[in-house]
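Just need the whole structure built from these sequences, with the hints factored in.
According to UniProt numbering, the stretch in the sequence shown is residues 1 to 514, in order.
Simulated from the structure, these hints should not be mistaken for laboratory data.
A quick note: this is a predicted structure, and the numbers were derived from the prediction, not measured.
A virtual CB, placed ideally from N, CA and C, is assigned to each residue, including glycine.
Misleading hints may appear alongside valid ones.
Derived lysine-lysine pairs resembling BS3-like cross-links, with alpha carbons at most 27 Å apart [stated by the list, open to error]:
hint: 1; residue 1: K105; residue 2: K375
hint: 2; residue 1: K156; residue 2: K27
hint: 3; residue 1: K375; residue 2: K109
hint: 4; residue 1: K375; residue 2: K234
hint: 5; residue 1: K234; residue 2: K305
hint: 6; residue 1: K371; residue 2: K105
hint: 7; residue 1: K234; residue 2: K83
hint: 8; residue 1: K109; residue 2: K286
hint: 9; residue 1: K156; residue 2: K234
hint: 10; residue 1: K156; residue 2: K105
hint: 11; residue 1: K27; residue 2: K371
hint: 12; residue 1: K27; residue 2: K375
hint: 13; residue 1: K375; residue 2: K20
hint: 14; residue 1: K371; residue 2: K109
hint: 15; residue 1: K156; residue 2: K83
hint: 16; residue 1: K105; residue 2: K286
hint: 17; residue 1: K286; residue 2: K234
hint: 18; residue 1: K371; residue 2: K83
Here are the computed distance ranges between Cβ atoms for each label pair [unchecked claim]:
hint: 19; residue 1: T186; residue 2: V457; range: 19 to 29 Å
hint: 20; residue 1: H62; residue 2: Y454; range: 40 to 50 Å
hint: 21; residue 1: G393; residue 2: K194; range: 40 to 50 Å
hint: 22; residue 1: L15; residue 2: P252; range: 50 to 60 Å
hint: 23; residue 1: L15; residue 2: I253; range: 53 to 63 Å
hint: 24; residue 1: K371; residue 2: S201; range: 51 to 61 Å
hint: 25; residue 1: L469; residue 2: K156; range: 53 to 63 Å
hint: 26; residue 1: L15; residue 2: I178; range: 42 to 52 Å
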Amino acid sequence: MDVDDTDARPSDFPLFVFFKDVRNLFKWDPLGTEILQIALPAALALAADPVASLIDTVFIGHLGPVELAAVGVSIAIFNQASKITIYPLVSITTSFVAEEETENKITEKHEATKTCISEDSETQHDDTAFGEELQEASSTPFTSVKKLDYRKVGGKRHIPSASTALVLGGILGLLQTIFLIFGSDTLLGIMGVKHGSPMISPAHKYLTIRSLGAPAVLLSLAMQGVFRGLKDTKTPLYATVAADGANIILDPIFIFACHLGVSGAAIAHVMSQYLMAFILLWNLTKQVDLLPPSLKDLQFGRFLKNGFYLFTRVIAVTFCVTLAASLAARLGATPMAAFQICLQVWLTSSLLADGLAIAGQAILACAFAEKDYEKATAAAARVLQMGFILGLGLAVVVGAGLQFGAGVFTTDVNVLHYISIGVPFVAATQPINSLSFVFDGVNFGASDFAYSAYSMVLVAVGSIASLFLLSRSYGFVGIWIALTIYMALRTFAGIWRMGTGTGPWRFLKSKTYF
1 MDVDDTDARP
11 SDFPLFVFFK
21 DVRNLFKWDP
31 LGTEILQIAL
41 PAALALAADP
51 VASLIDTVFI
61 GHLGPVELAA
71 VGVSIAIFNQ
81 ASKITIYPLV
91 SITTSFVAEE
101 ETENKITEKH
111 EATKTCISED
121 SETQHDDTAF
131 GEELQEASST
141 PFTSVKKLDY
151 RKVGGKRHIP
161 SASTALVLGG
171 ILGLLQTIFL
181 IFGSDTLLGI
191 MGVKHGSPMI
201 SPAHKYLTIR
211 SLGAPAVLLS
221 LAMQGVFRGL
231 KDTKTPLYAT
241 VAADGANIIL
251 DPIFIFACHL
261 GVSGAAIAHV
271 MSQYLMAFIL
281 LWNLTKQVDL
291 LPPSLKDLQF
301 GRFLKNGFYL
311 FTRVIAVTFC
321 VTLAASLAAR
331 LGATPMAAFQ
341 ICLQVWLTSS
351 LLADGLAIAG
361 QAILACAFAE
371 KDYEKATAAA
381 ARVLQMGFIL
391 GLGLAVVVGA
401 GLQFGAGVFT
411 TDVNVLHYIS
421 IGVPFVAATQ
431 PINSLSFVFD
441 GVNFGASDFA
451 YSAYSMVLVA
461 VGSIASLFLL
471 SRSYGFVGIW
481 IALTIYMALR
491 TFAGIWRMGT
501 GTGPWRFLKS
511 KTYF
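Below, the structure is given as structure tokens:
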């Protein structure tokens with residue numbers, strides 16, 4: 001289906017697209033089935049790692065509030081570095097792999113049709129058919145033919161984006177390790193952990209050891225991007241569960257039995273990450289030929305062009321959360337410990353919506369590659385509706401769970417008091433958080449990387465200003481008010497793009513879908 005903009009009018013704002021087929025929200029139709037088959041394993045895999053981090057927090061919390069706060073700062077630094085380097089790569093890889101896989105299937109069907117026509121024609125008109133087949137083959141794009149031939153000869157998928165993602169992931173992982181090891185003191189100082197602070201020693205130990213696992217982390221996430229593009233979210237789930245299970249088992253052994261404290265927690269985490277990387281690589285090599293015929297097949301230019309947009313975006317996204325953690329650390333060890341627990345719960349529950357985002361991205365990338373705009377619209381609307389309902393449910397579960405279960409993380413009365421202050425914000429923001437994450441997947445599936453970057457920079461400017469102003473005036477409460485504003489602005493940016501029918505969604509103005 002081609003986009004026709006001839007009857008588009010500037011006054012047309014297709015806001016009702018978000019309510020498209022809302023009556024089918026809980027219907028078990030082909031689209032709903034496809035979304036859930038991708039989203040559920042993806043959500044479980046995404047939730048598994050933060051759950052493991054929560055269990056880490058439980059173990060470390062019993063070492064004391066200083067150790068808990070120190071690890072919280074170190075995790076914030078490590079996550080910031082990881083997201084800046086790998087998040088653009090994972091997002092781009094998912095879209096590009098989905099597009100290439102769709103193009104391969106289209107080419108394969110096209111070639112199969114040509115073969116059938118050629119064989120039938122050869123029986124009746126040998127010479128004429130040969131000449132027509134030769135002429136048609138000469139007009140077929142070389143890249144498509146090469147992809148198909150390679151798939152047949154090698155018996156595996158030929159997806160250049162997968163090879164490119166692994167090369168970039170390995171390089172970025174090594175660079176991140178070097179950066180964190182040699183810059184740990186400076187980074188901790190920026191986060192408010194100065195020399196002389198009781199947090200400096202455990203924070204430095206944890207961050208230094210944890211940085212050794214960066215290559216495994218980035219390679220694992222790059223491979224997860226490949227599997228997501230192939231609409232296979234079960235393999236990453238199995239790998240994640242195995243790795244996090246190993247982490248949970250090793251934590252008490254290294255932390256308490258070996259008396260290594262926070263260093264033991266970091267060692268356990270690093271070992272689990274390398275286990276995950278091995279499992280994913282083992283499975284990926286069975287499906288995809290990771291050695292392209294030549295370096296020309298690698299798509300560094302395409303990755304870097306779009307990666308720059310997402311690199312800018314992810315800096316804006318993670319800087320807001322990292323700044324919030326830094327401002328909390330400046331309030332002292334007790335507020336920071338409470339903030340770390342609330343933040344982990346906040347991110348863990350909200351990331352469940354990322355499963356829907358991944359499903360939306362993979363389905364939309366395929367739909368746009370096929371120019372099936374009807375399916376693209378239906379899929380986008382469905383995952384957004386599901387995301388909102390999920391957010392409402394999470395608000396109830398998270399609010400009740402954190403209010404009555406905070407004692408699992410710490411027994412410190414002062415820390416528990418601060419947690420009770422943060423609970424309303426953590427719970428109430430779940431619906432907008434879910435929509436925000438799902439909108440990310442929708443934008444990436446439409447390859448709307450430029451808008452995602454520019455809009456997030458504007459969101460970050462407003463959010464950073466509110467963090468500084470509100471934290472000075474209201475302290476711990478002010479930080480959470482500012483984070484609520486931050487997530488609300490992110491959601492509004494997504495609504496504006498699709499709801500106004502601009503960018504890749506301009507076809508919504510030229511055709512009636514409601």
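Here is how each hint holds up against the structure:
no.: 1; hint: K105 <-> K375; result: holds (18 Å)
no.: 2; hint: K156 <-> K27; result: violated (36 Å)
no.: 3; hint: K375 <-> K109; result: holds (20 Å)
no.: 4; hint: K375 <-> K234; result: holds (24 Å)
no.: 5; hint: K234 <-> K305; result: violated (30 Å)
no.: 6; hint: K371 <-> K105; result: holds (14 Å)
no.: 7; hint: K234 <-> K83; result: holds (23 Å)
no.: 8; hint: K109 <-> K286; result: holds (23 Å)
no.: 9; hint: K156 <-> K234; result: holds (19 Å)
no.: 10; hint: K156 <-> K105; result: holds (13 Å)
no.: 11; hint: K27 <-> K371; result: holds (25 Å)
no.: 12; hint: K27 <-> K375; result: holds (16 Å)
no.: 13; hint: K375 <-> K20; result: holds (12 Å)
no.: 14; hint: K371 <-> K109; result: holds (16 Å)
no.: 15; hint: K156 <-> K83; result: violated (30 Å)
no.: 16; hint: K105 <-> K286; result: holds (19 Å)
no.: 17; hint: K286 <-> K234; result: holds (15 Å)
no.: 18; hint: K371 <-> K83; result: violated (31 Å)
no.: 19; hint: T186 <-> V457: 19 to 29 Å; result: holds (25 Å)
no.: 20; hint: H62 <-> Y454: 40 to 50 Å; result: holds (45 Å)
no.: 21; hint: G393 <-> K194: 40 to 50 Å; result: holds (42 Å)
no.: 22; hint: L15 <-> P252: 50 to 60 Å; result: holds (52 Å)
no.: 23; hint: L15 <-> I253: 53 to 63 Å; result: holds (55 Å)
no.: 24; hint: K371 <-> S201: 51 to 61 Å; result: holds (58 Å)
no.: 25; hint: L469 <-> K156: 53 to 63 Å; result: holds (55 Å)
no.: 26; hint: L15 <-> I178: 42 to 52 Å; result: holds (48 Å)
Checked against the numbered hints given earlier, this structure breaks hints 2, 5, 15 and 18; the rest are met.
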